[in-house]
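Chemist: Chains S and D, in that order, are what the protein sequence lines are.
If you use our numbering, the first sequence closes out at 370, no skipped numbers anywhere.
If you use our numbering, the second sequence closes out at 132, no skipped numbers anywhere.
If you're looking for bench data, these hints aren't it; they were derived computationally from the structure.
C-beta: ideal position from N, C-alpha, C; glycine also.
There's no promise every hint is true.
[Unchecked claim] Result set (BS3-like, lysine-lysine): computed pairs, CA atoms no more than 25 Å apart in a straight line: (1) S/Lys178 / S/Lys45; (2) S/Lys121 / S/Lys339; (3) S/Lys164 / D/Lys48; (4) D/Lys69 / S/Lys189.
[Unchecked claim] Some, not all, of what chain S presents toward chain D, calculated at C-beta under 10 Å: (5) Ile197; (6) Leu323; (7) Leu345.
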Amino acid sequence: MNAAKGLKPVSLAFVTRKPPVWSTGSVETPAGSVRTAATALTKADRWGAVRSRISGFRMNYTVDPGLYAVGSPTQSSPVFVSANYKLSFDALRSSLAGIDGWIVVLDTKGINVWCAAGKGTFGTEELVRRVKTIGLDRVVTHRNLIVPQLGAPGVCATAVAKETGFRVLYGPVQAKDLKAYLDAGNKATSEMRRIPFPLVDRLVLTPMEINPAMKKFPVFAAIVLIAMGLQPRGVLFREAWQNGWPLLLQGLGSVLAGALITPALLPWVPGRSFAVKGWIAGLLTAAAIAYGAALPGGGLAGLMLALTLLFFPLLSSYIALQFTGSTTFTNMSGTMKELRMFLPIYLTGAAASVILVAVMKMKEWGLL
Amino acid sequence: MRYLAGVTSLAYDREKCSGCGRCTEVCPHGVFAMREKRAAVVDRDRCMECGACAKNCDFGAITVTAGVGCASAIIRSMIVGGEPTCGCGDGTAASSGGCC
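Kindly produce the complete structure, drawing on both the sequences and the hints.
Modeler: Structure follows, in structure tokens:
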């Protein structure tokens with residue numbers, strides 16, 4: 003270790019680290035050896051994509067920042083810029099089959115291009131630094147960088163040109179359009195410049211809406227079972243289950259209405275407000291479950307129905323509102339407006355629900 | 033799909049526009065279009081406040097308050113103060129799972 007003191011580990015890291023499985027070898031350039039990346043995705047790549055969509059695995063699914071080659075690039079081959087989130091990198095390289103080019107991977111802390119651009123990690127500063135450290139001006143003779151359009155919130159094209167001499171060309175929104183973009187002489191149609199949000203794109207996001215909500219489900223279940231089972235003699239299992247399970251079912255229904263049904267049916271659920279959309283989806287779901295699953299009978303049925311239709315649609319509404327952070331078209335001003343409007347309603351609804359439960363228990367115990 | 037109308041913080045000063053067309057290129061929602069050699073806001077309510085136009089306008093003709101639209105991030109910032117951030121990729125472990 004002492005012998006290594008004073009050495010810069012920067013260059014060593016590249017040589018000594020095991021090459022990633024998607025790398026097919028390396029090519030020599032005036033700026034040094036550059037790893038090549040395959041353009042065909044393997045089973046492992048696809049499995050990684052699935053895991054990233056369903057869990058926290060994605061928080062550390064990265065590619066080393068730096069320069070990569072696809073095909074057999076020359077000094078005049080195009081340069082594409084990407085983020086070091088593996089899914090971003092995979093989307094790019096898999097769209098470059100049959101194209102010889104260079105990929106500059108920025109250090110975006112493992113975050114995709116669009117989100118990183120919003121934070122500024124996919125940004126002017128990192129792009130300038132990366133182009134300089136890899137010595138891109140010695141690798142290619144032209145001075146063009148094809149930056150994904152969704153990187154534009156972080157990149158000031160003029161500042162990059164001033165600092166590096168490289169001109170930023172904004173490529174299409176989606177990597178799959180790159181071939182057509184190159185064929186057209188680095189021109190994107192207005193369609194390629196738009197970000198769509200089709201059903202499939204909405205659906206792949208839903209596991210990460212459902213997961214965080216379901217993490218809180220055990221706590222919810224415990225509260226429901228204790229509240230329903232609470233008797234003057236203690237917490238009784240029979241009462242807990244009898245009165246509790248319809249509410250547990252309703253809880254699951256709320257999560258589904260807010261985190262799956264609302265995102266999936268987004269264009270068709272009425273209203274522009276996500277809180278309203280979630281409330282409508284939640285109300286229909288809650289009513290359907292209440293109709294299908296027999297509510298506890300006796301004098302409590304009315305109160306139970308009131309509680310169900312008050313609490314659970316609001317819960318769905320709150321969960322659906324979280325999806326604003328994942329869409330391609332909502333904005334911060336709008337989300338703030340929704341929160342200012344609905345947070346008081348949520349809090350009031352929660353308080354009223356607690357009172358309803360209290361009334362229900364007092365009736366049950368014969369106190370009312 | 034459209035979000036709430038009349039909320040965006042987007043502001044555009046036609047006097048400062050040089051007609052380079054960069055904003056029409058970077059906006060992913062077609063908010064800008066070229067009209068008589070200058071940019072014009074043609075679909076204001078589609079603005080998602082990403083900030084790409086303002087960042088790439090060399091003439092200071094566009095301003096917009098860019099930010100994340102994550103409800104939980106905004107609630108967090110309301111409680112603890114500061115700018116809303118989804119907490120992913122900036123070294124903090126604020127987000128255990130869901131972020132942009």
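Chemist: So, for every hint listed, does it hold in this structure?
Modeler: Evaluated hints:
{"no.": "1", "hint": "S/Lys178 / S/Lys45", "in the structure": "20 Å, holds"}
{"no.": "2", "hint": "S/Lys121 / S/Lys339", "in the structure": "22 Å, holds"}
{"no.": "3", "hint": "S/Lys164 / D/Lys48", "in the structure": "22 Å, holds"}
{"no.": "4", "hint": "D/Lys69 / S/Lys189", "in the structure": "20 Å, holds"}
{"no.": "5", "hint": "Ile197", "in the structure": "4 Å, holds"}
{"no.": "6", "hint": "Leu323", "in the structure": "5 Å, holds"}
{"no.": "7", "hint": "Leu345", "in the structure": "8 Å, holds"}
Checked against the numbered hints given earlier, the structure satisfies every one of them.
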